[in-house]
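Order-wise, the sequence lines are chains A and B.
Just so you know, we're using this note's numbering here: the first sequence kicks off at 69 and counts up by one.
Just so you know, we're using this note's numbering here: the second sequence kicks off at -9 and counts up by one.
Treat the hints with care, as some may be off.
[Unchecked claim] The calculated PhoX-like cross-link candidates involving lysine-lysine, where the alpha carbons are at most 20 Å apart (straight line), are: (1) A:Lys136 <-> A:Lys121; (2) B:Lys(-5) <-> B:Lys26; (3) A:Lys103 <-> B:Lys26; (4) A:Lys136 <-> B:Lys(-1); (5) B:Lys(-1) <-> A:Lys96.
Rather than coming from a laboratory, the hints here were simulated on the basis of the structure.
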Amino acid sequence: MKVNFILNHHEVSYEVSPSEVLLESLRKHHIVSVKRGCDTSTCGVCTVLLNGKPVLSCSVLTASIEGKHVITVDGIPDEIEKIASYFGEEGADQCGFCNAGLALTIYALKNENPHPTDDEIKHYVVGNLCRCSGYQAQFLAIKHYLGGAK
Amino acid sequence: MMDIKHYVKPASLEEAYSTLSSSKKNTILGGGVWMKYTKSQVDTMIDLSLLHLDQIDVGKDHIVIGAQTQLRDLEVHPSIVSLGGGFLSQAIGSIVGVAFRNLATIGGSIIGKYPFSDLVTVMLCLEVKLRFFPEEEMSLHDFLDQKEKHHAILTHIVIRKTNGMGYFKKVSNTSLDFSILNVACFYEGEWKIAIGSRPGKPMLAWDAMHALNQAKHVDQHVIESVGHIIIQTIPFADDERGSKAYREILAKTYVMRGIKEVMSHES
């Protein structure tokens, strides 16, 4: 079946099977910034923005997104560069595998709640797992990004 | 992963029900978050997204929630944030992460009758009715007790508004894991206590509730006796997340703590 949607501000048309999830569709079309982590709706690595909200692309049927807007890190390069610079300053990443999903979640947090408390930040990003860098440096980077974004 | 042959977006509930009834292999799409956990064969997946079942309508006495409402929208809705001191919002907010809750729906969470459900444990303490198509209404409690599969389409969840105060506790190995045990306590003139992930399905603790509601004055002695009644009357069991003995200790501890916390708000 054919599905038309808006990917990173451009209309696209993908031919998919009804069982195909968005993560697979995007990677098939070389959108490889979207990573496959647990593949069971938990780790947050595959996060994309669907109509502005962070969702797990491993659990969204591509058939369901007709007409919707999908944003990956490739769609908001300026904002991602800012986030990356704060992560770099704090030494908040090592392998970088989880960064794309986390960056999109942080960007969504800024849009939804530009001045969150520390607890609100933690509550919002708890679904984005990182297995190498430790969360304190990430937390500081997020705080600086949100402060800088004011 | 679920294997789906066809995908449809019906324009009416009649059309959706007709498709659902035409084959046992047809099913309604919920949030989609458990699709990866099953290898079931689906002939036609029915997407209800054109039917406006993702709205939250707040009336004078009731909150009417469309079954396709995503958990995150529910968690942050002012009428849910204020309900029972926020215990329903808190329970929803403890389910995996925001990106998960932007997909999972309240309807899917209820229809699945998941034994680990944090949401259902809290909802058992509230007055909750389920509306189906074709026209039918039943309490959440009766629905959970049904043995056979329900073939109508869940369209709305209706919660009676309340000024009561609630408490919720989830115990899990990590923030993103299923509950080892969850507990909800609620007081609005009378007490309700629900326990889930026992690991069986969430249930009301009728004997413990009766003891509390019969007590002329709820003091430390009464609260301790309620803790003992919980262990004696609620079936707990072992599974890979926790032992029966561990669950009994957790249940007793958090029910007692929950009663005290609710009372501290009431006084």
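Evaluated hints:
| no. | hint | in the structure |
| --- | --- | --- |
| 1 | A:Lys136 <-> A:Lys121 | holds, 11 Å |
| 2 | B:Lys(-5) <-> B:Lys26 | holds, 16 Å |
| 3 | A:Lys103 <-> B:Lys26 | holds, 16 Å |
| 4 | A:Lys136 <-> B:Lys(-1) | holds, 15 Å |
| 5 | B:Lys(-1) <-> A:Lys96 | violated, 25 Å |
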